[in-house]
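Number of protein chains: 4
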Amino acid sequence: MATIGFIGLGIMGSPMAVNLARAGHTVTGWNRSPERTEALVEAGGRAAGSIAEAVRDADVVITMLPAAPQVEACAYGEDGILAHAKKGALLIDMSSITPQASVGLARNAAERGIRVLDAPVSGGEAGAVEAVLSIMVGGEAADFEAARPVFEALGKTFVLCGPHGAGQTVKAANQLIVAVNLQACAEAIAFLEKAGIDLDAALEVLNGGLAGSTVLTRKQQNFLHRDYRPGFKLALHHKDMAVVTDTARDLGVVLPAGSLAAQLIASAVARGEGELDHSALLRGVELLSGTAE
Amino acid sequence: MATIGFIGLGIMGSPMAVNLARAGHTVTGWNRSPERTEALVEAGGRAAGSIAEAVRDADVVITMLPAAPQVEACAYGEDGILAHAKKGALLIDMSSITPQASVGLARNAAERGIRVLDAPVSGGEAGAVEAVLSIMVGGEAADFEAARPVFEALGKTFVLCGPHGAGQTVKAANQLIVAVNLQACAEAIAFLEKAGIDLDAALEVLNGGLAGSTVLTRKQQNFLHRDYRPGFKLALHHKDMAVVTDTARDLGVVLPAGSLAAQLIASAVARGEGELDHSALLRGVELLSGTAE
Amino acid sequence: MATIGFIGLGIMGSPMAVNLARAGHTVTGWNRSPERTEALVEAGGRAAGSIAEAVRDADVVITMLPAAPQVEACAYGEDGILAHAKKGALLIDMSSITPQASVGLARNAAERGIRVLDAPVSGGEAGAVEAVLSIMVGGEAADFEAARPVFEALGKTFVLCGPHGAGQTVKAANQLIVAVNLQACAEAIAFLEKAGIDLDAALEVLNGGLAGSTVLTRKQQNFLHRDYRPGFKLALHHKDMAVVTDTARDLGVVLPAGSLAAQLIASAVARGEGELDHSALLRGVELLSGTAE
Amino acid sequence: MATIGFIGLGIMGSPMAVNLARAGHTVTGWNRSPERTEALVEAGGRAAGSIAEAVRDADVVITMLPAAPQVEACAYGEDGILAHAKKGALLIDMSSITPQASVGLARNAAERGIRVLDAPVSGGEAGAVEAVLSIMVGGEAADFEAARPVFEALGKTFVLCGPHGAGQTVKAANQLIVAVNLQACAEAIAFLEKAGIDLDAALEVLNGGLAGSTVLTRKQQNFLHRDYRPGFKLALHHKDMAVVTDTARDLGVVLPAGSLAAQLIASAVARGEGELDHSALLRGVELLSGTAE
Chain A
1 MATIGFIGLG IMGSPMAVNL ARAGHTVTGW NRSPERTEAL VEAGGRAAGS
51 IAEAVRDADV VITMLPAAPQ VEACAYGEDG ILAHAKKGAL LIDMSSITPQ
101 ASVGLARNAA ERGIRVLDAP VSGGEAGAVE AVLSIMVGGE AADFEAARPV
151 FEALGKTFVL CGPHGAGQTV KAANQLIVAV NLQACAEAIA FLEKAGIDLD
201 AALEVLNGGL AGSTVLTRKQ QNFLHRDYRP GFKLALHHKD MAVVTDTARD
251 LGVVLPAGSL AAQLIASAVA RGEGELDHSA LLRGVELLSG TAE
Chain B
294 MATIGFIGLG IMGSPMAVNL ARAGHTVTGW NRSPERTEAL VEAGGRAAGS
344 IAEAVRDADV VITMLPAAPQ VEACAYGEDG ILAHAKKGAL LIDMSSITPQ
394 ASVGLARNAA ERGIRVLDAP VSGGEAGAVE AVLSIMVGGE AADFEAARPV
444 FEALGKTFVL CGPHGAGQTV KAANQLIVAV NLQACAEAIA FLEKAGIDLD
494 AALEVLNGGL AGSTVLTRKQ QNFLHRDYRP GFKLALHHKD MAVVTDTARD
544 LGVVLPAGSL AAQLIASAVA RGEGELDHSA LLRGVELLSG TAE
Chain C
587 MATIGFIGLG IMGSPMAVNL ARAGHTVTGW NRSPERTEAL VEAGGRAAGS
637 IAEAVRDADV VITMLPAAPQ VEACAYGEDG ILAHAKKGAL LIDMSSITPQ
687 ASVGLARNAA ERGIRVLDAP VSGGEAGAVE AVLSIMVGGE AADFEAARPV
737 FEALGKTFVL CGPHGAGQTV KAANQLIVAV NLQACAEAIA FLEKAGIDLD
787 AALEVLNGGL AGSTVLTRKQ QNFLHRDYRP GFKLALHHKD MAVVTDTARD
837 LGVVLPAGSL AAQLIASAVA RGEGELDHSA LLRGVELLSG TAE
Chain D
880 MATIGFIGLG IMGSPMAVNL ARAGHTVTGW NRSPERTEAL VEAGGRAAGS
930 IAEAVRDADV VITMLPAAPQ VEACAYGEDG ILAHAKKGAL LIDMSSITPQ
980 ASVGLARNAA ERGIRVLDAP VSGGEAGAVE AVLSIMVGGE AADFEAARPV
1030 FEALGKTFVL CGPHGAGQTV KAANQLIVAV NLQACAEAIA FLEKAGIDLD
1080 AALEVLNGGL AGSTVLTRKQ QNFLHRDYRP GFKLALHHKD MAVVTDTARD
1130 LGVVLPAGSL AAQLIASAVA RGEGELDHSA LLRGVELLSG TAE
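Protein chains in written order, with my numbering: chain A, 1 to 293; chain B, 294 to 586; chain C, 587 to 879; chain D, 880 to 1172.
The following block holds chain A by itself, in its conformation from the complex (with noise of 0.2 Å):
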């Protein structure tokens, strides 16, 4: 069983230190707000005062954080991980940034002697609480074998892609079909709707065929009730797909259907949908085929 320093208790961060308690890892956590703590405090772990406090004493130091800035001031930072963190620990960050960011972190961190993996995940806050996470890893394989305990806590599939930011990459591929596979599957259902087809039925028959997704079973509830409470928000869709899009420009890889979801997806947040679940892309559809509420 490890020690472990927990930064970011938020709505994924939360469940997943409380997991890792469960699991029997000593786990101590710190989050800016601290009363994020509590659910951590009742499954058996430690509330941290500072980053420091956190990370002082741990093995295995993860940070569950919304973007790069934030994970860069937690790990440069005077009071941050680099600067407290034993020599030897290893940093799992498991937020989505850039694989630029990442790969800037591991060198940055090697010069602390600190090991590094990148691990974003895929599977929404519910995939968080049931520790049935998809952990996309990239990074040494020692580190990876390392980190096997952490995973098997928190996830359901986890594998190892390829070198430092590699995991970014894979997340944002991850990130890429969803939102088109979204994007299908809203065009899909307005018009259904307007040929006047009973839905229930026909997602019962596209789910059987070569139609079908995770994408359209897990929110097939959102569609059907234009539910769009999140989930997985538009706006940090928006944030992803710009690591995409920028990733891609970068590689020279084209994106048409990609970069299509992109703007489409920037068109809900610049409408104000930012805070829906991003299943609400139907929303987008209706608007332009007149029959948005």
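Please keep in mind that the hints were generated in silico from the structure rather than gathered at the bench.
Just so we're clear, the structure is a prediction, and the values are computed from it rather than from any experiment.
Careful: at least some of the hints might be erroneous.
[Claimed, not checked] Cβ-Cβ distance ranges computed for the label pairs, FRET-style:
| no. | chain 1 | residue 1 | chain 2 | residue 2 | range |
| --- | --- | --- | --- | --- | --- |
| 1 | B | L492 | D | E1019 | 52 to 60 Å |
| 2 | B | T584 | D | R1027 | 20 to 28 Å |
| 3 | B | L492 | D | R1027 | 53 to 61 Å |
Glycine included, each C-beta is placed from N, C-alpha and C at the ideal position.
Position chains B, C and D relative to chain A; hints supplied.
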């Protein structure tokens, strides 16, 4: 057990007729090229020398043909189904044609006392052979109930979606989602490859998260090995996308991603790739990204 | 000077017939709503009570009608042009219809000894009134020469582009460019406005550089004042984009920007804006960007 | 007449400096490769051995450089403009960089008592040689008035569009329209060619109607003869489209056609065509349509 006349013993129709014969139905098959009847005869069915002969004694007539012109030729010809089927027979057209053509067929058949269901399928050759097709049905509820034993021998999921033409409309929605999601997966794979990611690892973890889909599972080997033997030909998907975009235009539904995918499929066909499996959309992404061989 | 039967005295046809009469031609006009003949009569022309009466003595018959069904009704009906025009007459169809419909009209007319040119126009109501239309002509060179005095009374630029249907094909290309460039200008204006730029200044300098175009000049006031009185209606441009995309599909030409513009025009029509000028594509950009009123 | 230091004597900068010298201004030019100063010297200007020497006595300093890094190196370096120009000098940056970089330059220069205008241009090499550039200016009105004699020697149209950065924003809008309209024209030409239309005739009549534009006029020969010698390179347009799409993302403006054009330009660059004129977007349409050689 029903007496069935089966018209059209192609890649899909032949294994479907075989499965019906094996399930105990009395099946008489007809095909324009008569040598295609062999498999059915081996499975215990009979070969007919004409459509008239195939349908004369049938309670159920099934058509499984490439497109509307063939369906209409077989239905309306002098030697055709409407001229020779029994009054009260049930005609199940499992071809993929336009909703309008299905509505027209039902109306014309009704004048001869023949009932019609439109019942296009999803699942490809493998789904036909393994009898796990998804079947999307339009027509009367009583006729759907009457067809149940037939559908049970052919597929895993079969659902009545609405009145005449509704099966075709749902099939169009199916082809829309499949086209866009194939394009999404193709873009993600080109993105991952150019980033130097281990594709086997990446696809495993992608399939485990929200990006997972039947397309990603069933077409994984096609994508990984650039093995574009059909499966389902781009030329047929091109024909289906014309149904999708024309129907959407009539309905007044806007399909930004669907019409983009239709253009990219049209491009593959224009470049001479119509006979490849539709997973060959990956070639288009590679072409645009300068990495095609 | 020619004896001309003019069929269709709408927004475009009426000023065209007037210009022909003023140029000294003998013009007999017919319109489904007979009150539309007044302007022509004032200009020295005559009103006919039937198509037969309008075309019986004409050397040249001109049709200027909304779409193919109206052209075909006027041409092929019992009281129609082919039944009543003189052998050797020249039928100039200036309506915008599909290239295929034009080819069919030419073939059918030839069987009655009547020659045909397809000669659709660009320039809108203002171009018709001021006799500065661009005229895109398909047909035989000798017939084009014979029609020269007619074209000189109607337009500024008129060019023989190829055989029967070629005029319609060039008109389709015209509508393709106009649609996409309108969308480009609309996006640029939304971009400049949200950036707080002085639009009058910006449009002046844009028009002076490589971004300059007839669309930007002629539609500048529409864009600046959100004055969407037609001009040219989105509903008609929608019909024309169907000709563009269907012809492109038949030809095997891929139009990524053209098909996107077609979707955005379809969206405007679906949202109930079909009666607005096509510069109202700006409303769609504002809707997507959350700045529509 | 002004004393001018001119930094950057490339394809655009060299003829611009020559035009200023010919108009009677005292011009001292500097270029990283010193052999590029010859044309200026022949026109009566002087060559400087360093930036410091070029700007020391200047009332006006002009920069005409490829991108923001070069502008910032020349402005902020130890031997740079801000370190050596006179207090009260006017720095006119005619390079195309991001609006943000222009705002930053103005702020940093102000601390040294140096005034700044951003003044990017449209018109290409021909426009620079013939002194008919369009100049889009951002900054203070008084500085714009002071720069008027300079602009008169360089261009035909020059307009103050707003505060610092506004010139760059309008330039971005210019590049957006040009990219999309080039794509529109390319699609129309591919469409006409595949339909067998006489292109010379078609382009004449298209240019006479609402489809007419500066792009269609100036690039006509490039399109007709597949002559893709630049002109304006796709690689530079690619860089500019990154400014367009990034700025639009910051502004919250959705650019469906603009982002599609950005992808198609990125595709051309990825395929190794970055050194061709941007009219080579036609090659992309031909590639997608299977008609590329």
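Comparing the hints with the structure gives:
Our hint of 52 to 60 Å for B/L492 and D/E1019 holds, since their Cβ atoms are close to 55 Å apart. For B/T584 and D/R1027, the hinted distance range of 20 to 28 Å is not satisfied, since their beta carbons lie about 50 Å from each other. In this structure the supplied range 53 to 61 Å holds for B/L492 paired with D/R1027, their Cβ-Cβ distance being about 60 Å.
Checked against the numbered hints given earlier, this structure breaks only hint 2.
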